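Given these sequences and hints, build the entire structure.
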Amino acid sequence: MIDPIKRELLKNALITTADNALVMITRTARTSNVKNSMDFSAAVCDGKGRVVAQGLAVPVHLGVVMPALAACLDWFGDDIQDGDVLASNDPYSGCSHLNDIFTFQPVFVDGQRVAFVSLILHHSDLGGRVPGGNSADSMEIFEEGLRIPPVKLVEQGRVDRDLMRMIEFNTRVPDRVMGDVRAQLAALGQAAAEVHRLAASWKPRVFVEYLDDLIDYAEILTRSSLEKLPDGEVEFEEWNDDDGVGHGPIRIHLKLTKRGSQILADFSQTDTDLGGAVHCNRAFTVSCTYAAIRTVLDDAIPNNAGLYRAIEVVTKPGTFVDVVFPAAVGSRGQVGFRLRSIVLGALAKLIPGRLPACAGGSEFAIAASGEDDAGRRFLHLEFHNNTGLGGGPTSDGQDAGPYCIGNLANVPVELIEAEYPIRIEEYGFLPDTGGAGQYRGALGLVRQYRFLSDNVQVQVRSDRFQSRPWGLFGGGPGVGAKAWLNPGALDAEALPSKFIRRFKRGDVLRAEMAGAGGYGDPAKRDPSAVQEDLRQGKVSQRHADEIYGAG
Amino acid sequence: MTQTSYRLGVDIGGTFTDVVLIATDGTIYSKKVLSTPRDYSQGIENGVSALLGELRIDAADIHEFVHATTVATNTIIERKGAKVGLLTTKGFRDVLEIARFRTPRLYDIDYKKLDPLVERSLRLEVDERIAADGSVLVPLAQADLEAAALVFAQAEVEAVAVTFINSYANAGHERLAAAFLAQRLPGVPVTASVDLLPQLGEYERTSTTVVNSYIRPVVERYVSSLKARLDKLGIRAPLMIMQSSGGISPGDVVARQPIDIIESGPAAGVLGGQRLGMHIGEGDMIVFDMGGTTAKATIIEDHAYALCPETEVGGGAALGTRMIRGAGYPVQVPTIDIAEVGAGGGSIAASDAAGGLRVGPRSAGAEPGPVAYGNGGTQPTVTDANLVLGYLNPNALVSGELTLDVDGARAAVAALGERIGLDPTQTAYGIHSIADAAMLRALRGVSSEKGRDPSQYTMLAIGGNGPVHACTLAEAAGMKRIVVPPVAGLFSALGMLFADVEHQLVGAFYRRLQDVDQALLETAAAPLRARGLDMLACEGFSDPAQQRLTLYADLRYMGQTAPLTIEVPKGERVMERLAEAFHGEHQNVFGYASPSEPVQFVALKLVCQGLPDQPRMPQRAQRGAEKSVARYSRQAYFGKAGWLETPVVARNALNEAAVEGPLIIEEYDTTIVVRPGWQANRDSWNNVILTCTAVSE
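Taken in sequence, the protein lines are chains A and B.
Read in order, the letters of the first sequence correspond to residues 1 to 551 in this note's numbering.
Read in order, the letters of the second sequence correspond to residues 552 to 1248 in this note's numbering.
FYI, nobody ran anything at the bench for these hints, they're computed from the structure.
Hints are supplied without guarantee of correctness; some may be wrong.
Computed list of lysine-lysine pairs in DSSO-like fashion (alpha-carbon distance at most 30 Å, straight line) [said to hold, decoys possible]:
no., chain 1, residue 1, chain 2, residue 2
1, B, K1031, A, K203
2, A, K349, B, K663
3, B, K663, A, K228
Note that the coordinates shown come from a computational prediction; the quantities given were computed from them, not determined experimentally.
What follows is the structure, given as structure tokens:
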């Protein structure tokens, strides 16, 4: 007999443990990136490897734990002892890209394996041909860095120094990465000790029973949440402009079927993969799907295997969203954003009046590296994935509104200028770029960079130049993205969405990021809303006249 | 009869205004009255005059008046601030609205951040540009200033903020522009961002300056109206206001810089706890403050609380966590580092579709409040559960002014229990325990951030509900010792009376450590020192013995985000010792140090304290006119120990000798629940000390 109060207390205790591990990581990790981007997650799994509780995490880690742990369990079978730490970063062993090192530690009580704790941390560099491993034009995983299959990084409490040295010799920033690996192991060990303490205060049989029940509990809540949504079958498709190595546009297709308390996301009609690193493996597609569906479910559902049971994801190996060995996956982040917007688009059709149009932004990422005039090497990374929210059923998409399943802070202009030979000349809204609609989409954003040293290598990964953020129910798409070299100058040149090239001293890169989609017929827009946009300079008089017939 | 003099502390909350009066001999009197949201100073007048009247104390004998207020926060939440104009560098008009792109709520597709405090049409650009090294790239365009002045004048803005890119490296343009606008817009306060926060980070600096401009006229009005009321009451003591950093400052000073008082009330409780800890020898404490809607946890380590460089205002406590921020407007002023969770007496308990029991984050708040208040609340809350469990006196809360509807509370809890298959007692106990679990997350969070376990701390339990939950929460956290101070339920109002006058001044100083020598450092600190001494002198601390100036440097490794604040050593080898101290602290906080990496100054900070000639802390504290509860007992439920007949006593029934739980200590402003397995005694300062003798569950 399950006592709902004991269950709630256990649930809280497990989440607290996972959160605590993350607090410890933030405290001890070397990379300040860890704090800023929170690109990590912690979870507690049962002895069979099913997620029972997950702490605060980057949304795309929802659901990545189980396939990676399953691959470790497959490899090691019965040979898993108290004090072992299993680790992997291999996308072809359930992980998602090489920078994310997954670690798992078993918890034994009275000789019985009752749980695993899991910790995933993004590491700044694990080798490969481009610093940071984010290049869009890699063709094989072997170009992207050190590939760690399921291994025991720690065996019965003893750290494997050979493996640690192997990692150390395969990163450009060994101090930082080894510091982070040690922080990860320490936090994992602490979480395992906490779960052990907790489990030891229960009878192992009862503890396992309650873990089982917590999974069932999440499943019941998920299904009950799904039952409240209308049944139906909808299709939604979108295009990625290109794959980073010259093919495109690439069609990503989703058929979403919702019947009763089950939902099926079928991506199998997506285009075949032709190369590059802008695509992802199945585990990542599944994660993005969970994250997007989660937004229409009860907020209090625990993030665990019970949630996943009600959501089935179908992909076809060899397609853009289920790549096969040895494809490179370093730039998968870009398609990850696309996948989330596709799932949200299908849900918006399934549940009219619930969800907004497509969020703005061109999934813009930049890596600029070189030497400053004092001869110091620099590497500057920035991600501007989104610009603002899509128009919704009852209100405009908020300009610069944060996107809940792609939570990433921008970098202060003054910090960049103080640290790197780069000047930011403009950062602001682009008027007239929000998708038209009864409720318009958020405006696009511009970020203009001037490079202040010689021979700066700039790598840009973005999209949405052709495939614009879509509107809904008569709303128009946001204005697409553009990029320019030296706009207005004699040598001005339009740049593609993805490139690696050298910039000269004084060269300017102007990145115009896409606006969000609009919602509903623009003719129905409240004239006072148009007037307000005019007053705030968010639309021009011409745009207002053309689109809304303002007057 | 000897002449006694008194000090008054007043803490304003959303529902109640707490007034605490302390006499020189340590006798404490208190009064709780309803807050008056239309004009909070009215509530203060009501409470103070009632208390003075009851005690027949002459207002002229009040020689100090300290106040904590939510007026700054309320102005933001209720959007009642000034119409602000913002002047920025060309190309950066939207920095304020773009903000940081952080959401505090993952998976919440409907979440929208707060709208900017200055609309786009009042954010104007001027052609000018300073480089990161302070050099002028583009001179200040006079024509743009003229145009901006016209727009601001036509729009009748009530305050202007000026924030230019890289002004922390060269304040020239900002100051020129601010002076020009001040001259063109007489009567409109114009603030240059560097004068408030001379630090790198354009969004944070802009937000801080705008928030200050937005709330300043309201706080100014509030301070002057409060001063008028104090005059009317005949109180001649200067009005002092509690700042978020734990120091107090004259009303006129904070009125000009109201961003300093955003976390006024919570800071008062922590400061009081820290001072009390100094007095009774408790150096490592977690201050646990549980009220009606939120619970707060703060670490005091080695007698010190930590300050964080930033707070957020207007976002609501239930939004955001320690790890994901972004719910409110960031304000970068030193603020006591307090973790807050949305769990309190008003948190609502409910069942879910899978037969689970949830507590919070929804709260019944003050209106309608718990079912037991009989104000129309229908959903059981934590307070209703505590009543059903026998922890709270069914006959009275707040000294008999509010009668509780026990039957209503029990019926609501029973109905919830039926839905999840539990009897009313189990359900009530479950609600109590689940509320503890939510608060435990905050407690564990703050101690883990220090790399420690809560069991290594003593708990200081305050707030109306803190002492009700203290024992169960301590058990869940492995804590063995609890201190419940006198007037625990309105301890913030008492605590602020222990604070010293303090000003935190910040100066821009963005340089590599290796490029700085002691002389340069002193030159940079000199203007701060002059300003600080001037402020202290104005407040009556002109004797050097009464002035304590402490210089700190914000340092970080190159490329890091968060700096550490390190005290600048005095004497020889200053730079070397400063660097050593930084590496050591980095090891301490982050678990590693890299002495080979370059270190960078981000800013200089000067803390200026005015030291009183008499100790702020009385030798002991006792409650004046304390009602002795007639000794009686009632049934209370303690989990595995079941229902026990539990003696109910007043604080003054306890002495140094330990009394075994179960025991309930009923007070005017809170109830202390001593569980079986705990014992209680009273120390010489009149604190109730709870000690765990065995873990009961």
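Tested hints:
no.: 1; hint: B:K1031 to A:K203; in the structure: 26 Å, holds
no.: 2; hint: A:K349 to B:K663; in the structure: 22 Å, holds
no.: 3; hint: B:K663 to A:K228; in the structure: 24 Å, holds
The structure fails none of the hints (numbered hints given earlier).
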